[in-house]
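*Asks:* Per full-length UniProt numbering, the sequence shown runs over residues 1 to 438.
No lab work stands behind these hints: they were computed from the structure. Fair warning: there could be bad hints in the mix.
The calculated DSS-like cross-link candidates involving lysine-lysine, where the alpha carbons are at most 30 Å apart (straight line), are [what the hints assert, rightly or not]:
| # | residue 1 | residue 2 |
| --- | --- | --- |
| 1 | K49 | K303 |
| 2 | K402 | K343 |
| 3 | K309 | K357 |
| 4 | K205 | K343 |
| 5 | K357 | K399 |
| 6 | K54 | K162 |
| 7 | K49 | K357 |
| 8 | K357 | K59 |
| 9 | K378 | K205 |
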Amino acid sequence: MVPQTFQFSPLARRVVEAQFSGGHISSDAGLLLLREIDRTIGLSSSLTKHLIDKRQSGKVQHSLHHLLQQRLYAIAAGYEDLNDHEQLRADFALQTALGRDERLASTSTLHRFEAGMDRRAIIESHRVLWHQFIASHRQPPERIVLDFDATDIPLHGDQPEKFFHGYYDHYCYLPLYVFCGRFPLVAYLRPSKLDGARHAGAILKLLVGFIRQHWPDVQIIFRGDGGFCRRRILSWCERNHVDYLVGIARNARLEALIEPLWPRVERHHATRRRQGHTDSTRWFWRYRYWAGSWHCARDVIAKAEVTDKGRNPRFIVTTLPGYDAQRYTEEYCARGEMENRIKDQQLDLFAKRTSSKHWWSNQWRLMLSMLAFVLFEKLREALSNPGYRKLGVQNLRLKFIKVAAVVTRNTRRIRFMLNENHPDRNEFIRLARTLAPG
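Construct all of the structure, not just a fragment, from the sequences and the given hints.
*Replies:* Below, the structure is given as structure tokens:
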């Protein structure tokens, strides 16, 4: 069949024409880098060992390992839908990343794979993530911070456990995320009718138990916003030598205790305004506070902030001693970085694509996003230029995964002819040499 030629606007006297006759060209040559990272840390292979294959062995064409890799690598490359695999299954770059030289699994096969996920698969996925977290440290750290946060996933179909959430003003799920620094530890799907802190205590207990099996002397700090200030969680932390740094909602008693502080803060703010300062004025004060539902008094750090719009008090409860301003501004406010990691999950790795009518399939998609994020974090660690290490998932994808290549295959060699003008070619070559075996 002769390729059809079509034209664009001319460039000076030259005709600009095109046809689909360039051979096999892939836009995802960087998947070879992720393949080497996956091979090195054993992420997909270790998880596959814990998945149960319920298919009839004589009719199996695609192994669980290949199905997992196909979905994981496609998400990393920016393909969010199962429908993408009808064409993507013929892509030479993805086939090579999976160690195959034939058409990969179809959309229907991948759908059955996801629909077969169950509670056990999700537990094992988290177990693999936790072991990867331990392995990512060459030696036990002295201190770690476990960040807890809940967010929404909007729903637009007939997904199971669909409920309207008044705060978010739409139908949604309310997943619970846990990160330690940049490393993802938990993505737990929940219906939105539950309290935002529901199951957080049980997950914290499991995490702390697992971590202390490997690092018995590490200091563990539980950090979360005011939605996680629950007496049972705080009491459990105190009994089990876990420090906490948690927001606490404003109330009349908390505000009454810092009332004598306001006149001085407001006078200081007025003085600074006259001197030309335009930012807010913030003072911090630590005091003991005993809520009615608590069994004891606890340390509360109050932030008495004055802005041009007036008073803006905030409060946190903590077991950590030290300089109050540092505890609040440098340590508690640092939990905002976790929100960026959640955005990476939902915007760049498609954790919001919970469109299945199977509950555990939707939970599985959160796990795929978490696993893909681990691959990107390992890619980030392998980069030599500090500027590259500040990039988000989307920018890393554009620079190192979405790399165009002409691919040729024969019985002796698979050759990727990359764009010779790729702006990050030197770093790409260095990565390939660093990650490849031998």
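*Asks:* A separate judgement is required for each hint: does it hold in the structure or not?
*Replies:* Hints, one by one, checked against the model:
1. K49 <-> K303: violated (50 Å)
2. K402 <-> K343: The hint holds at about 20 Å.
3. K309 <-> K357: Violated, at roughly 47 Å.
4. K205 <-> K343: With Cα atoms ~26 Å apart, K205 and K343 stay inside 30 Å; holds.
5. K357 <-> K399: violated (35 Å)
6. K54 <-> K162: The hint holds at about 29 Å.
7. K49 <-> K357: holds (26 Å)
8. K357 <-> K59: holds (26 Å)
9. K378 <-> K205: holds (27 Å)
Consistency with the previously given hints fails for numbers 1, 3, 5, ordered from lowest to highest.
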